[in-house]
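From first to last, the protein sequence lines are chains A and D.
So in my numbering, spot 79 of the first sequence is number 79, and the numbers just go up one at a time.
So in my numbering, spot 82 of the second sequence is number 82, and the numbers just go up one at a time.
Hints in this document: simulated from the structure, not taken from any laboratory.
None of the values given here were measured: they were computed from a predicted structure.
Using N, Cα and C, we set each Cβ at its ideal position, and we do this for glycine too.
Check the hints yourself; a few may be wrong.
[Stated by the list, open to error] Straight-line C-alpha distance at most 27 Å; calculated DSS-like pairs for lysine-lysine:
#1 K199(D) / K89(A)
#2 K34(D) / K371(D)
#3 K89(A) / K207(D)
[Unchecked claim] Stretch-level coverage of chain D by chain A, calculated; a stretch enters the list once three of its residues show a Cβ under 8 Å from a Cβ in chain A:
#4 204-218
#5 328-341
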Amino acid sequence: MFAYIVRRILATIPVMAVVAIFVFALLYLSPGDPAAIIAGDTATVEDILRIRAKLGLDRPVYIQFGTWVWGLLQGDLGISIFTNLPVAKLIQQRLEPTVALTVATLIVSVMAAVPMGVLAAWKAGSWIDRVAMVFAVLGFSVPVFVLAYLLIYVFAIWADVLPVQGYVSITSGLWPFLSHIILPSAALGMVYAALIARITRTSMLDVLAQDYIRTAQAKGLANEQVLIGHALKNAAVPIVTIIGIGVALLISGVVVTETVFAIPGLGRLTVDAILRRDYPIIQGIILIFSGAAVIFNN
Amino acid sequence: MMPVIAAAPRLGAVLLALGLALTPADGRAQAAAKTLRFIPQADLRSIDPIWTTAYVTRNFGYLVFDTLFALDKDFQPQPQMVNSWTVSDDKLTYKFILRDGLKWHDGQPVRAADCVASIERWAKRDQFGQKLIEAIASMTDTDDKNFTIALKTPFPLLLNALGKLSSNVPFMMPERLANTDAFLQIPEAIGSGPFKFVKEEWVPGSKAVFVKNPDYVPRKEPPSLAAGGKVAKVDRVEWLYIPDVATAAAALNAGEADWYEQPPADILPVFAANRDVAVTTVDPLGNMGVLRFNHTLPPFDNPKMREAVLNLVDQKDYMRAVAGDERYWKTCAAIIICGGTPFESNAGADVLLKGPNPARAKQLIQEACYKGERIVLLSATDQPIVHGQALVTRERLSAAGLNIDLQANDWGTLITRRASKEPIDKGGWNLFHTWTSAPDMLSPALNIPLRGNGSQAWFGWPKDPKLEELIDAWFKASDPAMQKKLADDIQTEAYKEVPYVPTGQFVVPTAYRKNLNGIIIAPVVFLWNVEKK
Numbered sequence: 001m002f003a004y005i006v007r008r009i010l011a012t013i014p015v016m017a018v019v020a021i022f023v024f025a026l027l028y029l030s031p032g033d034p035a036a037i038i039a040g041d042t043a044t045v046e047d048i049l050r051i052r053a054k055l056g057l058d059r060p061v062y063i064q065f066g067t068w069v070w071g072l073l074q075g076d077l078g079i080s081i082f083t084n085l086p087v088a089k090l091i092q093q094r095l096e097p098t099v100a101l102t103v104a105t106l107i108v109s110v111m112a113a114v115p116m117g118v119l120a121a122w123k124a125g126s127w128i129d130r131v132a133m134v135f136a137v138l139g140f141s142v143p144v145f146v147l148a149y150l151l152i153y154v155f156a157i158w159a160d161v162l163p164v165q166g167y168v169s170i171t172s173g174l175w176p177f178l179s180h181i182i183l184p185s186a187a188l189g190m191v192y193a194a195l196i197a198r199i200t201r202t203s204m205l206d207v208l209a210q211d212y213i214r215t216a217q218a219k220g221l222a223n224e225q226v227l228i229g230h231a232l233k234n235a236a237v238p239i240v241t242i243i244g245i246g247v248a249l250l251i252s253g254v255v256v257t258e259t260v261f262a263i264p265g266l267g268r269l270t271v272d273a274i275l276r277r278d279y280p281i282i283q284g285i286i287l288i289f290s291g292a293a294v295i296f297n298n
Numbered sequence: 001m002m003p004v005i006a007a008a009p010r011l012g013a014v015l016l017a018l019g020l021a022l023t024p025a026d027g028r029a030q031a032a033a034k035t036l037r038f039i040p041q042a043d044l045r046s047i048d049p050i051w052t053t054a055y056v057t058r059n060f061g062y063l064v065f066d067t068l069f070a071l072d073k074d075f076q077p078q079p080q081m082v083n084s085w086t087v088s089d090d091k092l093t094y095k096f097i098l099r100d101g102l103k104w105h106d107g108q109p110v111r112a113a114d115c116v117a118s119i120e121r122w123a124k125r126d127q128f129g130q131k132l133i134e135a136i137a138s139m140t141d142t143d144d145k146n147f148t149i150a151l152k153t154p155f156p157l158l159l160n161a162l163g164k165l166s167s168n169v170p171f172m173m174p175e176r177l178a179n180t181d182a183f184l185q186i187p188e189a190i191g192s193g194p195f196k197f198v199k200e201e202w203v204p205g206s207k208a209v210f211v212k213n214p215d216y217v218p219r220k221e222p223p224s225l226a227a228g229g230k231v232a233k234v235d236r237v238e239w240l241y242i243p244d245v246a247t248a249a250a251a252l253n254a255g256e257a258d259w260y261e262q263p264p265a266d267i268l269p270v271f272a273a274n275r276d277v278a279v280t281t282v283d284p285l286g287n288m289g290v291l292r293f294n295h296t297l298p299p300f301d302n303p304k305m306r307e308a309v310l311n312l313v314d315q316k317d318y319m320r321a322v323a324g325d326e327r328y329w330k331t332c333a334a335i336i337i338c339g340g341t342p343f344e345s346n347a348g349a350d351v352l353l354k355g356p357n358p359a360r361a362k363q364l365i366q367e368a369c370y371k372g373e374r375i376v377l378l379s380a381t382d383q384p385i386v387h388g389q390a391l392v393t394r395e396r397l398s399a400a401g402l403n404i405d406l407q408a409n410d411w412g413t414l415i416t417r418r419a420s421k422e423p424i425d426k427g428g429w430n431l432f433h434t435w436t437s438a439p440d441m442l443s444p445a446l447n448i449p450l451r452g453n454g455s456q457a458w459f460g461w462p463k464d465p466k467l468e469e470l471i472d473a474w475f476k477a478s479d480p481a482m483q484k485k486l487a488d489d490i491q492t493e494a495y496k497e498v499p500y501v502p503t504g505q506f507v508v509p510t511a512y513r514k515n516l517n518g519i520i521i522a523p524v525v526f527l528w529n530v531e532k533k
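If we strip away everything but chain A, and leave its shape as in the complex, we get (with noise of 0.2 Å):
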């Protein structure tokens, strides 16, 4: 088992090389001059040049590439051209609130959506079974960004109950963090338990038709019973695998929910390093990126 793993992790190295690679070239290639956003609209091209001389940005891109490939050989994710910080304090400042967010949206989704499905295949046909699905189908068609407006107006304006934007670590208190993360995971798990829902529903269908289930039903068993412990434990296959996939489906919509809500994660750090062409925020962080989404498939 030891040594499958260790195979596996090893499978990982040539893949993250090819992103690496990949990455690289694309930043290369693609318009835009950090040393021009640098010098600032009244620079001159001297100015530019300078700064891109100091930068490194004039060396050859095999050298700057190499140059890169061996800091992160020695654990150096590089500096940021624009703050002077390290990529990596840059990138730990800002996982917290990003896994927060992502874990609590995962968390309010499958717990909203896991029984909304299961309802919805026990009723189907009734009126809760339309109503599960009429969400299902919001969840679907209204833009994250929308949805977060919508409960930023209702509860943080009108109900003044919970703040509009930003983030408070844990550390700081549990519900100062609970009330910043709220409204946030509500906006970005809408969409996630919209597909949970129907997964959910598709799935125990399939089940309950099932011939075990009358046996159990005739058994005298509880509703409960049959649903959860016999259903819902074989329906659940489709729905950690839909569950697993739908964390990339979390991945873009945080950066979108992070805008909004002011909330310093990796998506807003992704977007920002991208608009000013930092390109040492944008490798580091595609490539962390990438292995997180490699280890976690396999």
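Please build the complex by placing chain D on the supplied structure of chain A, with the hints as guidance.
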């Protein structure tokens, strides 16, 4: 699952009680009262206001650093870190004495040597500074409080240079930081300003924190623009960068922020119903829209074509696109900005003042032998002020028969492409829009797009020896009347050769909660003197 669901309400109550128990005690209310939460115009990406000209870093600089001189509300230089100075009769030797009690944030005293090194570093990046350095024979510190600037030729604007208002501001730094290469960033922001930067709490892209500098000794005069006493009336300043405009407005309305520096015009109605929020203009001068030509490529290497465009411009169209509400814009033909500034003038601006003249434009286009060549107009969709102007230009110029190719990307791509001197078919350009803040246009010394020094000039590279001669003469003029006359001559020449077209003047209102007092009316945001009731 069902038993868990049934237990959820009880579980929730337990968690809430635990959470409240774990929430720190409520000294937060008092701390909040002395903390100014400010939503800045952009994210603070760099802490070196010499390395970058970004306005947000300039504003950061005003919190953390100080200057030798500073402009007052009449745009006259006043001493700030300097206690007194003398000028020799031949105007070639300036001797400065620093104020007592000046300290860096690391506790070290401010020395004259720090100031000399800071001026040298600033001048390597700033064009006004470069003009000053050309005139300097030597700059020496005679002891810790005294330094001397010896000139080769008189430089009447020396104090104006040392009190420059906007990027790059000649901020003073410890010598060890000022000795950093001017094209690399300083490693830390140690200044002598009224606030200290708390680097440990800095989350780039989200939050920057400053605390009151207890060692700062403000001047006794009342604050006047960038000059006078800089009294920090709050203990802590938090810059909260909220990229989403609607969220930022909601945060201000909900009291999670105290001041939103530059809300876009279309979000202002959101504040109308909130009696606790004021929307006003604290920057009466605002900004000027700019339409810039590439003078090195056809067709705008031909002055007739540039004059043709000038005859097509209606500033009202541009300003409606940029600022909307007429309260926030005006037409302005002064190259050196309108609003009671020292060199404001309409000299030579008849074409713009009379309004568009399509017939004249058509005649000029014919005289220039324009044959329908493609004209590349760069734009940036993530900059509404830029893109709004570009759309108006496309419509106006296309209606006059010019073949406009609007190429819209993002700002990062635009500012990369405009540095290219290549022809159109190799990624070059003919036109782009931007805007400039009033402090960067207050005089011929500061107005960078005005310069006609060819390949050394700002993007577009106009070459106008006569304009350069006039600007040089202006630098040397010691008499205010002569400066004004030369400024008029400069403007007249500028409207003849058209290095760029001013597209109108607009202000960006600010929004803040009404418990704030003491906001200084200025074209740059200053956070000293601001207090929370």
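Inset, instruction - Just pull the numbers of the violated hints for me, sorted ascending. - result: 2, 5
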